[in-house]
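Taking the hints into account, I'd like the entire structure generated from these sequences.
Chain order of the listed sequences is A and B. Following our numbering from start to finish, the first sequence increments by one per residue and tops out at 727. Following our numbering from start to finish, the second sequence increments by one per residue and tops out at 961.
Keep in mind that the hints were calculated from the coordinates and are not lab data. No experiment lies behind these values; they were computed from the predicted model shown. One should not assume that every hint holds.
These stretches of chain A come out as covered by chain B in the derived footprint (C-beta under 8 Å, 3 or more residues) [to be verified]:
(1) 452-461
(2) 525-536
(3) 546-557
(4) 568-578
Note that CB positions come from ideal geometry on N, CA and C, so glycine has one too.
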Amino acid sequence: MPRADVVVVGTGLAGMTAAIALADAGARVEVVARGHAATHWSGGGIDVAAPDGSPTAADGIQRLARRQGHPYGILGTGLPAALASLRSTLADEGLVYAGELDDPLRTVPTAIGGTRRAAILPSAQAAALAPWQPGERLVVCGPARFKDFWPDAIVASLRRPAVWGPDASLGGRPTGVDALVVELPGLEGRHNLSALDLAHLFDDPAWRADALERIARAIERDGAPRDGGRVALPAVLGLADHVAALDEASRILPLTPFEVPLVSPSVPGLRLYAALRSALRRRGGRLVIGEPVAGVTVEQRRVTSVAMTAAARERVIPTGTLVLATGGIAGGGLIGRADGRLVEPLLDLPVEAPPAERWLSPDPFDPAGHPLEAAGIRTDADLRPVDAGGSIVLDNVVVVGSLLAGQRYLSERCGDGVAIASGHRAGAILAPRSAPTDAREPAVAGPSEPARRRQRAGTRP
Amino acid sequence: MTIADLVQEATFGEVGLSADECLKCNVCNTVCPVARVTDLFPGPKYVGPQAQRFRLATTLPPQHPATPLVASADATVDYCSGCGWCTIACPADVKIAEMNNRARASLKAGHRPRFRDWLLGQTDLVGRLGVATAPLANWSFHNRLFRLMIELLVGIHRRAPLPVFARRTLRSRLAADRRAADRRAPTGAREAMTEPPPDRAVVLFHGCAANYYEPHVALAAISVLRRNGFETIVPEQVCCGLPRISNGLYESARGRARINLGSLADYARRGYRIVGTSTSCTHTLKAEYREMLDLDDDNARAVAGATWDICEFLLDLHDRGRLDTSFGRLDATLPYHAPCQLRGHGIGLPALDLFALVPGLEAIDLDHDCCGVAGTYGLKKEKYDIAMAVGEPLFRSIRETGAPRVACDSETCRWQIELATSTPVKHPIEILAEAYAAADQPAPRR
Chain A
267 MPRADVVVVG TGLAGMTAAI ALADAGARVE VVARGHAATH WSGGGIDVAA
317 PDGSPTAADG IQRLARRQGH PYGILGTGLP AALASLRSTL ADEGLVYAGE
367 LDDPLRTVPT AIGGTRRAAI LPSAQAAALA PWQPGERLVV CGPARFKDFW
417 PDAIVASLRR PAVWGPDASL GGRPTGVDAL VVELPGLEGR HNLSALDLAH
467 LFDDPAWRAD ALERIARAIE RDGAPRDGGR VALPAVLGLA DHVAALDEAS
517 RILPLTPFEV PLVSPSVPGL RLYAALRSAL RRRGGRLVIG EPVAGVTVEQ
567 RRVTSVAMTA AARERVIPTG TLVLATGGIA GGGLIGRADG RLVEPLLDLP
617 VEAPPAERWL SPDPFDPAGH PLEAAGIRTD ADLRPVDAGG SIVLDNVVVV
667 GSLLAGQRYL SERCGDGVAI ASGHRAGAIL APRSAPTDAR EPAVAGPSEP
717 ARRRQRAGTR P
Chain B
516 MTIADLVQEA TFGEVGLSAD ECLKCNVCNT VCPVARVTDL FPGPKYVGPQ
566 AQRFRLATTL PPQHPATPLV ASADATVDYC SGCGWCTIAC PADVKIAEMN
616 NRARASLKAG HRPRFRDWLL GQTDLVGRLG VATAPLANWS FHNRLFRLMI
666 ELLVGIHRRA PLPVFARRTL RSRLAADRRA ADRRAPTGAR EAMTEPPPDR
716 AVVLFHGCAA NYYEPHVALA AISVLRRNGF ETIVPEQVCC GLPRISNGLY
766 ESARGRARIN LGSLADYARR GYRIVGTSTS CTHTLKAEYR EMLDLDDDNA
816 RAVAGATWDI CEFLLDLHDR GRLDTSFGRL DATLPYHAPC QLRGHGIGLP
866 ALDLFALVPG LEAIDLDHDC CGVAGTYGLK KEKYDIAMAV GEPLFRSIRE
916 TGAPRVACDS ETCRWQIELA TSTPVKHPIE ILAEAYAAAD QPAPRR
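Here is the structure:
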C-alpha cells in the first residue's frame, strides 16, 4: 500500500523543483536524501546558460540545444515556462529574482576578485547587473578579519581591466574600485567568523542597524563619490530576515549595495534551500534528510519501493514513481571506481561516460572543461533512463538535474537551468498518472475524513 | 586497501576514520543548533572531522576501535549537545556527532568524572531513591532555595527542567497487577500464564522515564498494544546507559548495556520484537551500543535488530494491514515536535503518519531542529541558557499555534518544552490511546 506516489531522491535544486511541481499537481511526494548538498554550496543565482559567444541566456540555450546530446535538446523549449513558475513559487516565499533570459549577460565581480557572467540574480545581488555609468565607482567593503572576503585582494584584482572581460569599455566596468574594511560591533578580536555567524547577526535588527550605520559612516569618511556608485558586500545580509536586511542596507548606505556570494556555507544558497523547503511543505510534501537510500526493489522494469538506511534496519517506502535527483560526481550521484568505471550507485543505471583515460583534459583550467563533466545518464524525451541502444531501462524512473548526460555545467553554466527545466518537466510527466482521481491529502498534516476513506480504497494503478 | 575501503569494511564505518570522507563543505555547521546561538562552540566541523586528524595521528592504524583516543585537540567539543543533526545533514556519511561524543569522552578519560556528570549518569539510583521519597524529593526538586543550593554545589541549573517522581515505579505496578491476575486466575490456569508467542506479544523496554517518572506513558503503550493483539512482556532491565554515554562514563555504560543485552537477547533470538516508548533508549539499543560502546557481539546485533520505536512498530503493523484503525474522533490541533533522537533512527515521522489516521486530529509538523535540552545537556548550569536559546524558535512556534497540547516522543524534550511554554506535552502513544478510548465511549448527545 504505497505511502508515497512519488519518492524524490535528492534535495538539490532539481529534486526540490520536481517535488514542488509534483506536490502542486496533488501527488503525495516524499523527498529523501542522505543529507543537504548542492544548494548549501550554491551562489544563489540562477545560471541558465552562458556558453562562450552567447550575449544572452536565451541565445545560450539555443546554442547549447544544438550541441549533440545536450539536455537542452529536450528541455530548452520548456525552460522559460519552468523558470517563470519556479520564480513565482520562490517569490511567494520572499525570495525574488531579477533579470530575464533575453537580458544581456552582465559581468559581475566574485569574492576572489574575478568576474563571472550572469543574468538572473536574487534581489540582494541584482544591483551588480546594471551597466556601469561613466564615472560610477565601486567600493568593495567587508568586515575586519573575515576570512572568506578580503576587500584589498579583491580590489587589487578588479582594478585590472582585463578581469572585466571583452565588453569592459562600453559600460561594462566601474571607473574606480576601492577597498574598505569595517570593524563591526562586538566582533573585535573575533577571528573565526563564518558567513553564517554574520548572517545570524544581521538577522538581529538592533545589531544590524548599528552595523549598517558603521558601514555608512566608513563609506562617507572614505569620501563617497559625488555622482553615486555601488558597494559590494559579502553575502551575509541576514538569513531568516534577509528581505528586511537588504531593504535597510539600501536605505541606510550612501551607495547602492549588492552582495557577492562566498564559499560554503553559502548564505544565498541557504536562503534558496529554505525557500524551496518552505514551498514544498506548504504544498504538503514531506522532506526527510539523513537517510541514505540503501536500495530499491524493481519488478518488471518498475521501481516498486525504496529502502532507506535506518538504525538497525531499513525503512521501506512503497512508491508509484521515483525521481532520481542525486546529482553529478560532486553530489555522489555518480561514483568513479578505482577500475576506471563510472557507476550510478542507486539503480545501477547505464552511465554514458568517456573512457577513464580521457576523463580529464591535461590542462586543469581548460576553457572547454573536462570530458568527465559530460558523463551522466542518457534519457528519452520524457527523462526516462535509456541504455546505449536507446531502450528504456526503468519505466517509472525519471532522471533530473546534473545527473543528466551531455552537459558541461562548469563551462556552459547551465546547471541551474537544466535542474529547473528537468525538475519542472518531471512534474508535468508524472503528475496526471500519479494523482488518482479522488482528493489527495498532504502527507504531512493529516486531515480527518478523507485520510480514512482513502486508506480503505488503497488501489494503485 | 585505501582508507576509504577500510571505512566501508569496518562495521558501521569506523567512526573516527569516517573523517576521511569529509568534503569540508560546512553543511554540518549550517545545521548545528548550538553553534547558531553561542560563540563558545565554533561548530561540529572544527571539533569533529577537522580536529580528528590530530586525534588520529597517534592511533593509525587503529589496532582496536576502543584504543583510547588522544585528548581532543579542541576543548570546545564539551559544548556539543550530541543532538546528532550534523551527522543527519552530512552529504558524505561522516559520523560527526559520534566522533564528537567520543572526543568528549576522551576529554574526561583518565581523570575522575565530575560529581555532577557521575550523578546524571546514575539514572536507576536517582530514580529509585526519588520514588521511595517521592513527596519529599518532589518538594525539594521544586523548592527554589534547595535548587539554588544544588546549582552551587552540584552544577545543575536551578531552573533546569527536572521531572516529577512517580509515587510508585512502573515495574512495581505491573508486578502488583500480575500478582492480582494470578490470584484471580483459576488454579489450573496459572501455568497458562506463560509468555504468549512472538506474534501475539512484544517485549517492552520501558526505560527510566516510564519506570520512575511517567508510568502512564508505558501504560498507554501497553493498552494500545493489547488493543492490537499484542500482550506485553517486561523482563529484567536497567537504564539503557545513554546518560552515562553522553557524560563520558563509557565503562559504566557498558555495564548497563551487558545487563540489558543479557536479559533481552534471548527474547530477540526467539523472534520477539523489543518495543520502547523512549526514542533515546530505543536508539541506544539499536545503534549506540555498537557505535559508541563498540559492543558488536551476537547479543548486541540480535537486540539491535529486534528493537522498534513504538510508533515505528505501529506504523509497520498498519503497512501490513494489521493495525486497528477504529480510532474515535479527536477534534484538536496538535503541534508535533520530532525529537533529534527520532531523526537518528532514520524512520521518517511515524507519529505523524499515525496521527493522520485519527479523525478530527490536525497534526502540525513543527519542523524545528532541537528543543535544546539534548538529554542531560540542558540541565547543566553552564549550558542551560544555551539550551533555552537553541529551543526558542521551537517554543515561539508552539506559542504561536496557541494549541492546548503538544506531542513529542522523547521524555527530556517533553519536560524542556513544558518548562519553556507551560503547555502540556504528551507522548504520541497517549494521544493514540485517547483516540481508541474516544471510539469506545458512546457518541456525546448533539
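Okay, the hints, checked on the actual structure:
Three residues within the 8 Å Cβ limit are the bar, and the segment 452-461 of chain A against chain B gives 3, so the coverage statement holds. For the segment 525-536 of chain A, the assignment as covered by chain B holds, since 3 residues bring a beta-carbon within under 8 Å of that chain's beta-carbons and 3 suffice. With a threshold of 8 Å between beta carbons, the proposed coverage of the segment 546-557 of chain A by chain B holds, since 6 of its residues qualify and at least three are required. For the segment 568-578 of chain A, the stated coverage by chain B is satisfied: 5 residues place a CB nearer than 8 Å to a CB of that chain, which reaches the threshold of 3.
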